[in-house]
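Trainee: One letter stands for each residue in the lines below.
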Amino acid sequence: MNVTEFVIVVVAFAAVSVLGFWAHRWRRSSDVSLEQWALAGRGFRSWVSWFVIGGDLYTAYTYVAVPALLFGAGAIGFYALPYVAIEYPLVFLIMIRFWSVSKTHGYVTTADFVRGRFGSPTLALAVAITGIVATMPYIALNLLGMQAVLTTIGIHGYWPLVIAFAVLAAFTFTSGVRAPAMISFVKDALVYLVIGVAIFYIPHRLGGWNHIFNAYDAHFKATPPGTASLLTSANQFQYITLAVGSAFAIFLYPHAITGVITTRNRAVVKRTMAALPIYSFVLGLIALFGVMAIAGNIKPLIGPTGKPDTNTVVPNLFQHMFPSGFAGLAFAMIIIGALVPAAFMSIAAANLFTRNIYKEYIRRDATDREQATTSKIVSLLVKVGALLFILLINPQFSIDLQLLGGAIILQTLPPVMIGLYTRWLHRGALLAGWAAGMIVSIWTFYLTPNVATHVAHWGGTGFALSHLGLHTETAIYIGFIAILVNLAIAFGGTALLKAFKVPEGTDHTVHADYFTDVADTRAAEPAVPAGT
Amino acid sequence: MTQAPNPQEPPPAALVHPVNSDRSPWNWLLLIPIVLPLLVPIYNRWTPKLFGFPFFFWFQIMFTLLAAAVTAVVFVKTRRGD
Chain P
1 MNVTEFVIVV VAFAAVSVLG FWAHRWRRSS DVSLEQWALA GRGFRSWVSW
51 FVIGGDLYTA YTYVAVPALL FGAGAIGFYA LPYVAIEYPL VFLIMIRFWS
101 VSKTHGYVTT ADFVRGRFGS PTLALAVAIT GIVATMPYIA LNLLGMQAVL
151 TTIGIHGYWP LVIAFAVLAA FTFTSGVRAP AMISFVKDAL VYLVIGVAIF
201 YIPHRLGGWN HIFNAYDAHF KATPPGTASL LTSANQFQYI TLAVGSAFAI
251 FLYPHAITGV ITTRNRAVVK RTMAALPIYS FVLGLIALFG VMAIAGNIKP
301 LIGPTGKPDT NTVVPNLFQH MFPSGFAGLA FAMIIIGALV PAAFMSIAAA
351 NLFTRNIYKE YIRRDATDRE QATTSKIVSL LVKVGALLFI LLINPQFSID
401 LQLLGGAIIL QTLPPVMIGL YTRWLHRGAL LAGWAAGMIV SIWTFYLTPN
451 VATHVAHWGG TGFALSHLGL HTETAIYIGF IAILVNLAIA FGGTALLKAF
501 KVPEGTDHTV HADYFTDVAD TRAAEPAVPA GT
Chain Z
1 MTQAPNPQEP PPAALVHPVN SDRSPWNWLL LIPIVLPLLV PIYNRWTPKL
51 FGFPFFFWFQ IMFTLLAAAV TAVVFVKTRR GD
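The listed protein sequences correspond, in order, to chains P and Z.
Sequential numbering from 1 applies to the first sequence in my numbering.
Sequential numbering from 1 applies to the second sequence in my numbering.
By construction, these hints were calculated from the structure, which means they are not laboratory data.
Take every hint as true, because none was put in to throw you off.
Pulled a few chain Z residues facing chain P out of the computed Cβ check, cut under 8 Å: (1) 14; (2) 15; (3) 22; (4) 51.
In this text, all values refer to a predicted model and were calculated from it rather than measured experimentally.
All C-beta atoms, glycine included, are put in the ideal place defined by N, C-alpha and C.
Could you put the whole structure together from the sequences, leaning on the hints where they help?
Mentor: The following block contains the structure:
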């Protein structure tokens, strides 16, 4: 075990934990409500929001898995770049509408909106369950990101994860969304510091960028087809469908939505969307660590399951390149980078349960205070669940499930995103489209073999069109196929149900709700943080 | 912590409806950073290199800065009161 690195990581963890517990005093409110615990009273302003949403969306898993994909699969792994480049212009106008309608009606989740818009608790339940199922493995993957760092430091076993998650659960319980919001400042500062140094220092040690990319090219020229240093005719279409599908999907995930509606007004949403691509730029640099690892001849380490863990490639690169002190800082960055999104995700998943299952089906007259308490408790259970995913089931299961998660969350696009623009679609058709989209996602995912682990099924998100009898090598992102089927059924089914005059339910929103705003007054700003 | 009202707490913000539509010709600009990254044939190449980076990599990383620039322009130009 590397003691220097271990000490730095422990000190950093202890510091952000103190910050997490202390965060409940930040922008403090006397209200005990879900609005306060889960959304900090929807009060975050521009720069705070930029840190908060950036901290929320760019997870530890991203930091280790994106470079690992480039390391293992070559150019196709770089799809994360067009994905994170197009996502903000893509949702810029959509998210301000969502912000307004949620502010007007006090919606906390996408399922709340779907219920209000289409008058259908059942459709809302479908959206809520999809959100919870997609989020759980995502939280588990953040644990795997932490685990990769611990393996690299030389700590074996799962006990540090259990301790880290227990502390995380405790401060999320007491401080709510204020905890990850406050820690995101530390996380992001560390990211910019570590990446800023690494992106100059490591290439310098490896003999320059020219050499690094030549080694990468030579490496993939020597590997079997399927991986290549540039895109091939077989995977180009997969590349862009993955990028587009992921860009829509990210802002359907509960934790992203939670981040967006913690903001104070529409101008904050817009300004934040304009500044968030800076994180995407940094992610582009982080992806290149996968290329550097090839040039540096870095090998994946053996994880707790006894198999090589490709997620250790980036931590191992840092280990080899940096002196222990700085490597410790880089590891602290990844570990803190896991805490912030995991907290956001567990809060968001808990809200879906509270608002769209508990309040809808268990206690209709639950008070604000009771809803807050329910969400607090469920956020604990969600984290325990994610931990059990890793401890009791093969971690590969979480990885597979998270890949599938991106495809299934995309199936909530018609009621949520199209629903923001038009009420034309029928709730029955939307439900049928969703169900079909789920089935297609799961079926196409089942048919795809895993090239890396040589398992015949549940292996990847690139569905070979040859399965459909087409004579081609082309593959397409499974979520993309599923959403096409989903949309066809939603639109076709709507025409049919309207022809038979099937009741459409009540729309509780009006046109003006989608443009509600809050004036940008600065006078009311409390001292930050408000002391006792 | 106490349940006493916090004097520093801001009063609930009033909702306003200054606009009834988000339409603006400036919004069309958003299509540039959305469509350009999807045109694989224009950047799926090794050269010209920049600072040792193959075209495939440096050109796509530039898309993130393009997204920031265009989104910022649209934000400023569609701001109310301009």
